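S.K.: Chain by chain, the residues:
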Amino acid sequence: MEERILATARDIEGLYPHVHIWGWPIATYLFLGGLAAGILLFATLYYLNGKENDMPFTVKIAPVFTFFFVAFGSLLLIYDLHHKPYFWRLFTAFRIESPMSWGAWTLASVSILSLLWPLSFVDSIEDYLHRRGWKRMDAITRWIIRMEHRWAPLRWLIMFFRRYRKLFAYLLLFLSIILGIYTGILLSAFNAHPLWNNSILGPLFLTSGVSTGSAFVMWLSNNKKERRLMSIIDMSLIAVELFFIIHMIMGMQAGPEAYKEAARLFLGGQFTVWFWVIFVGFGLVLPFLLEVFEVRGFHVHPAVPALLVLVGGFIFRIIMVYAGQMSEYPFL
Amino acid sequence: MRYAMALDTKKCVGCGDCVVACQTENNVPLGYSRDWITEVVKGQYPDVFLHFESQRCNHCEDTPCVRTCPTGASHVIEGGIVKVTHDECIGCGACIEACPYDARYFHPDGYVDKCTFCDHRVADGLDPACVSVCPTKCMYFGDLDDPDSEISQLLRTREHYTLLPEAGTAPQIYYLK
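Quick mapping for you: the protein sequence lines, in order, are chains G and Y. Residue numbers are given in this note's numbering: position 31 of the first sequence equals residue 31, and the series is strictly consecutive. Residue numbers are given in this note's numbering: position 6 of the second sequence equals residue 6, and the series is strictly consecutive.
Derived by calculation from the structure, the hints in this document are not laboratory data. Everything numeric in this text was worked out from a predicted model, so none of it was measured. Even for Gly, the Cβ is constructed at its ideal location relative to N, Cα and C. Treat the hints loosely; a few may be bogus.
DSS-like cross-link-like pairs, simulated, lysine-lysine; straight-line CA separation at most 27 Å [stated by the list, open to error]:
#, chain 1, residue 1, chain 2, residue 2
1, Y, Lys11, Y, Lys42
2, G, Lys84, Y, Lys83
3, G, Lys166, G, Lys51
4, Y, Lys42, G, Lys260
Chain Y is faced by these chain G residues, among others (derived, beta-carbon under 8 Å) [claimed, not checked]:
#, residue
5, Pro17
6, Ile21
7, Arg150
8, His193
9, Met326
10, Tyr329
When you get a sec, could you build the whole thing from the sequences and use the hints?
M.R.: This is the structure in structure tokens:
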């Protein structure tokens, strides 16, 4: 038997009984980053496949939201910093070894491009919003169009982006994959937290992010074909996610003691119900089944599986951020 | 040059002088500490053994904190000492998450703070504050690249261990058995 106790006072917040310095802002950001990555991945992919007019919501409308997701996520990140006035230091360095460094650069690039992308479609977006009767958003787009006519630099910017849109689409497709996968790699880079420290976490977060992206389109699109296609895509993504999750737990179970201990958080430990019932049950399996029914022709309101996937994806990030910090090497 | 520290667990009485010396020398905020004492009890009654470990940043050879730092604020200086440049630190906490030893914390001013091996004293040829005040002389600081240094000789002759070698960080604080 061995027992270890701290013999001198160390009254430092966030270190004991286990490291806990990242909370809901980080988890929310990871969710929003993944969601934005998913939406942009579909938008650019279908644009490059020439589906611009067949899938207007996926290609043009959904990306309007991504700028706000990414911007809000970035604000949360800055809010979470403890030395806020120095946050610009992120952009005076590029450190390839640090996922947070190249993630910050990716996030900044995606923010700019996700603003330019819908801007370059502003006319057809206005048309779509008008037809759909989304009046407030329509008023904003009309104002942007007026600005475009009045203000030459904006006109020039939109023209420039339109001209090289295909090139930007490839770039944004690439960056959205990086953004989606980095939210997972960010956590998996921490060897001190065995629950995070597995190489499947990047692909798992990417898959989950793309799945929430497809759910978002499925939820808000009014085009039956688009919704059905996203349902089918989401089903396959959920299947892949389930495979990755089993794979992740198997990997930890086959690892050294600290990794087995990490898996125990989900296998009988305090996150068991949250992980298997709330996330896997209500956030993956149930929407999967509802999507199967929907595709088979039963009437299921697409908002139901979509919202389950979105809420499930958010809860998954919360679980991973909180449980990951509890998973540590034995106390010293 | 490779600075390291050796602590003789046979001599340490867990008085905590090293902790207070560090707080004083480095102006550590109240309630905080860059080093600390862990009491280790092993065995089962009646064969119970107790020893103390004075712990701090392990100034690892393989530094996860420096690797995950997005700005380069965490860096390694001459002699393998791991330091944080306050003006480059954004306080994101990545290095705190990366350290398996709980050696780093947020200073109340926002930046991340930790043991520096008293590099300002070492530059003047002095021992770190914790080593210099130890009443039982159980701590040794020196250069591992110099085979004649006291610490090199101790590590050659005495059995020793490091903390969490399985974390793969190659820690440079050695505990003599």
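S.K.: Under the constraints set out in the numbered hints, which ones does this structure not fulfil?
M.R.: 5, 7, 9
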